[in-house]
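Listed here are the chains, written in short residue letters.
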Amino acid sequence: MAKVDWPSKDKRTHLGKRISRIDGPLKTTGTAKYSYDINRPKMLWAKLVTSPYAKAEVSSIDTSAAEALPGVKAVWKEEQNKNMQYVGQIIAAVAAETEEIATEAAHLVKVQYNIQDAAVSDTDASLSKDKPTLKEGGKVDEAFADSNSITHSGTYGIPVISHCCLEPHGQVTEVKDDELYVWPSTQNVSRYTDRLGDSVGIPQNKIHVDCQHMGGGFGSKFEYDKWGVIGGLLAKQSGRPIKLMLDRDLELMIAGNRPSAYAKIKVAATKDGTLTALDAEVWGTGGNGGYNPPPVPYVFTKIPNTKLVGKGIRTNRGGQRAWRAPNHPQGCFLTMSALEDTAAALKMDALEFFLKNVHLTDRPDVYTEELNIAAELIGYKQKAHLRGQGGGDGPVKRGLGMSIHTCGGMGHPSECEVTINPDGSVLTRIGSQDLGVGTRTSLDIVVAETLGLPLKAVTVELGKNSYPQSGASGGSTTIGGISVSSRKAATAALNDLLEKVAARANTTADNLEARDGWIRQIDKPDNKMAWKEACALLGPTPIVQRGKSVPGESQKEKLIDAGVGGVQMADVSVDIETGIVTINEMVAVQDCGLIVNLKTAESQVFGALIMGITYSLFEEAVYDHKTGRMLNADMEFYRLAGIHDVGNLKVHMMTTDRHESRGVIGLGEPPVISPGAAIANAVANACGVRVPQLPLTPDRVIAALYEGGKVA
Amino acid sequence: MCFLFGGIADRGFDFGREMDNEKGPKKFSIMVSEDRSTQQNADKQLPCAGNIFQPTFRKLKIRLSSAPFYHSFMTTSGLSTSPSSKANLESSSLELLPRPASKPGDTQISSTPEVCTSTAHPSAVSFHPATPWSPLPGQRLGEGELSPRRPLIQIENQKSKIENDFQVEADQLAVSNFLLRDARFTPDFLRDFKIFYFCFDPEIQSEKRTEKKLRKVEKKLRFSVQTENFSHLPTTYVKKHENQKFREAELFHPQSLPRIFRPRIPLPPSPAFVASANSEEPGRSERTMTDCPRCFNERNVRMSNRNQNSSGVSRRGFLKGVGLGTAATGVLTAVRPVAEAATGDPNLKGPGEIPISLKINGQTKKVSVEPRVTLLDTLRNRLDITGPKKVCDRATCGACTVLVDGKPTYSCTLLAVEAEGHDITTVEGIGTPDKLSAVQKAFIENDAQQCGFCTPGFVTAATAFVRQHPNASVDDVRKGLGGNLCRCGTYAGMLLAVSDAAKKGAV
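These protein sequence lines are chains A and B, in that order.
FYI, the numbering for the first sequence is -14 to 697, going by our numbering.
FYI, the numbering for the second sequence is 47 to 553, going by our numbering.
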């Protein structure tokens, strides 16, 4: 019988190799349909009417002019919650024949507001009105008082940013024969409908979700959201399909953000560089909800004396949502900056300092191994220098910086169904989603590997809530979940087939294996049957088998695991006259257990590095202090890195046995955690002063240089 | 070589309101230095402006007048405050001269803005909306409380009912790439602020041509450009252009500039659309980007002046035709019957839907759209051609890229009625899953897509790039694909894919 475990390296056909995405042809030809692309017959366009004020009470909503506009077919307005808490909060919606008419109609809705004072700023800790959180261990005061140690203090900050998915949030909704059909842009196909049915009055068993391709979520697309409800209500009211997609400014303002974090950090270390204490006061905002301070110290959790005070500031801004590795990038940036500053204060080489303190982390040998590999890849020995000694007479200084990170990534609950047809064709069905990480391809790889078939022999279908349920794509849990459920389903199906073949082949099912398109006897490979021939034995009945991944159990079976390390180093140039930071090179060394598809795994890391460069150098949500409006709610000024902003990127995946034997671990989040810290540390190393706040825009660099007395 | 330097610009059309009380051309002088980050290769060819190049301006005098600003200025780096006074303009200064109220009812600013002077050289003066983002952690930036390092000039627009027009005279300005790209202004601000940027490639422009072009630019923009003192430039360059007093070019490098020249603003609904072949001087083009070989990602393809038979649109023209009165009052109706257009002008198109015929991927498609509908919306909403995507709708991200007569164009800022008569190619016309083009194959092989939403735009732009630059290196690709953005970060794969496809020569 085939076992469910992962095959060893020598036996693998597809697993762990570099395989091109199977939906690549669809995406590069524009054939792939995203929610935004769905055009249903007689579809109406919906546009939202939103609050232009950060804090206001709505006294009246007059939709008569909008309703009177020819072409407008349905109108919705907010009845219950008339308290506007942020600019962009939805107050009404209109649906019309064309997008232009809908936009016009939205302008015609007259709303009366009583404007109130809004809280917008998040940079000052004293603005916090919530009760501070406290987390401590050991005795920080004693540690700082110790005369044998040095103390470093600094203030650091990382601002609010948005997810800025290229495909905005939204969906196409259609009500037909009392059933609801939705094509949402979502990372949560199976559970998308959660309570949507209640809001639109259609039972959950009559809601059909279909999302084949989606243009980016990064943690913001788990729910159906208010606009999902509005779409459903407008569809019911008008009797026609409704397309409701957020405009770019709303997408940046109300569809989630990553909370900010500012911190005053004090670090104590012995004179030879061993960390003894870390005291942090962190404040920030995630909108008008509660605030969870990021973990500081990050990764160095075994520092003997720690104190973390968290002060959340509630602001009148759109609420936060999980942003790729929630709270990790902030925690990492704050911690690594403070630690590197400490190393600089001790006049100690940063790599030496990190290696010296790696025993204070949860996986010291992983980090040691990865730090050394990264150092080699970036040419650390040749390039490294102490802070500010980056030399040369010109205004361009060069430096290196590093950071380490960790992440969970245990596979989520997932169920998959594999069908082997009598004609030999194989179908895999799972209610999961492919965000662009290569889930489809990974499923193909696992099933084809299990059945000993080429990739083309397996058809993968996903993205519908009518398929076996699978978890949401969050927390780096998808690959673990789907690889196990598909492996189990395929194995069970294969075993059924082997039983049928065993009788014909005069041997037992235990003694058979599927390889290279054959079913053959393990100890006598000449006794074999071609795949098609074997399937013909099924008669008229296909084999249909399901497999489940259950987080704790599958971990015990060593199929999946949680907890990765990861190291990144950056080589930057800083022009101290203009303040411009250029990335020369970035190196990422990442472990993630057993890798299913090496090509897409590497792409994940490259992509995360680039996302990291973006939030380190360019990205920031700028809010006006007086009006609470986002000033750069467009893609021009909410800057993303362009192809020329990215230097040389090197990715090294840890694929040794020691890592592979852990099973599959998620990769989506870990590599995006460190770039901010690595680049900030490199900038400090290069120009000699710490630029304490991300993004490292030229004016901040120059201001820091000026304060450090080093302006040109 | 391409240089980028800043100056004043207008939108290429005026709404009939004078931005400046002064008569006569506005004067400013600009000086440019080369990219300091490549100082060690001073004579090396500099990359095209807009992406890697980061010039520093040693001496810059801008005089511009603007209508309401929405944001504030902030200066950084070695600047100190001093009261507003013209006398303080010595080595470098940024002075704000409040303009007296020109009409009754206009409010004067209540407090004199601060002047920032700097004796440091070169100072980086950047324009930012000061309030929300720049304070250092822990630093409060509240009412009246300013970091002495960062003097703040607050200018708010008339919407806030506070300020009115200002003139800004700055002697020193570091306008680096970041400023243009990282600027914290909204398109509104820039429209009013009147900045324009030049990029020029002396190697491909002869002096004569440059002179001629400059005259045209001058006339159009109504100010004169002077540049001086190039002693710090590489000698080869200086020798070549020693006597050249004027420098000029046109830039459109996507990543560098705010897209002020073709703002996608909500126009009054269903404006009358005037197709006037005679409104422009012959040979005068608005914004064409034919000259810089690197800036091939051309936007704002202005067909009207090249092809008299085409729809002959010009912004100036149709706004003149509309008359500002109707634009302002704008009774909002939609889907008005075409007959209502009625001024008797046979060239008038709209309001209401008009039938047009588009040539897309080799096929002719007939569709009825209002004149205000963009090519992108027509493709996606009317013709179900969903390859090009709608992301920013502001000619920034390139997800909507299509080829118009073979040139990559942002279809979100091209009106459907303008696209009539031209060959449009979308990603669907470049290849299909059964018959992939070389570029598409290279994308798949090098994993140059993740979520895939930006991919059609990139494939389209890359296809045109590879046709124009058959032996492109990775560095060329870096510059060339700057007109498209990706959030998932697929650039690494793309660099390999496109240089791969370029080498193989096929398209």
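Certain hints may be false.
Simulated crosslink set (EDC-like; lysine to aspartate or glutamate; CA at most 20 Å straight-line) [to be verified]: (1) B:Lys481 <-> B:Asp546; (2) A:Lys2 <-> B:Asp521; (3) A:Lys635 <-> B:Asp430.
Just the calculated beta-carbon pair ranges, DEER-fashion [what the hints assert, rightly or not]: (4) A:Gly122 <-> B:Ser519: 26 to 34 Å; (5) B:Pro479 <-> A:Gly393: 48 to 56 Å; (6) A:Leu412 <-> B:Asn517: 40 to 48 Å; (7) A:Lys509 <-> B:Ser519: 52 to 60 Å; (8) A:Asp511 <-> B:Pro479: 37 to 45 Å; (9) B:Pro479 <-> A:Leu412: 13 to 21 Å; (10) B:Thr410 <-> A:Ser451: 53 to 61 Å.
These aren't lab readings, by the way, just hints derived from the structure by calculation.
Here the structure is a predicted model, which is why all the values come from computation and not from measurement.
Glycine residues also receive a C-beta, built at the ideal position from the N, C-alpha and C atoms.
Discussion item. Within 26 to 34 Å: is that where the Cβ-Cβ distance between Gly122 of chain A and Ser519 of chain B falls?
Written reply: Once the Cβ atoms are compared, 54 Å apart, the range 26 to 34 Å for Ser519 of chain B and Gly122 of chain A is violated.
Item to complete: May I ask you to test the hint 37 to 45 Å on the CB atoms belonging to Asp511 of chain A and Pro479 of chain B?
Response: Holds: the Cβ-Cβ distance is about 39 Å, inside 37 to 45 Å.
Fill in: Consistency of beta-carbon spacing, Asn517 of chain B to Leu412 of chain A, with hint 40 to 48 Å
holds, 46 Å
Worksheet entry | CB-CB spacing for Gly393 of chain A and Pro479 of chain B relative to the 48 to 56 Å hint | violated, 37 Å
Discussion item. Holds or violated: Lys635 of chain A and Asp430 of chain B, Cα atoms, limit 20 Å.
Written reply: violated, 40 Å
Fill in: Range agreement (Cβ of Leu412 of chain A with Cβ of Pro479 of chain B, hint 13 to 21 Å)
holds, 19 Å
Discussion item. For Lys481 of chain B and Asp546 of chain B, compute the direct alpha-carbon distance and say whether it is at most 20 Å.
Written reply: Satisfied, since the Cα-Cα distance of roughly 18 Å is no more than 20 Å.
Discussion item. Within 52 to 60 Å: is that where the Cβ-Cβ distance between Lys509 of chain A and Ser519 of chain B falls?
Written reply: holds, 56 Å
Discussion item. Verify the CB-CB distance for Thr410 of chain B and Ser451 of chain A against the hinted window 53 to 61 Å.
Written reply: violated, 40 Å
Item to complete: Please work out if Lys2 of chain A and Asp521 of chain B have their alpha carbons no farther apart than 20 Å.
Response: The given pair, whose Cα atoms are some 29 Å apart, is violated under the 20 Å limit.
Of the hints listed earlier, those the structure fails to meet are numbers 2, 3, 4, 5, 10, in rising order.
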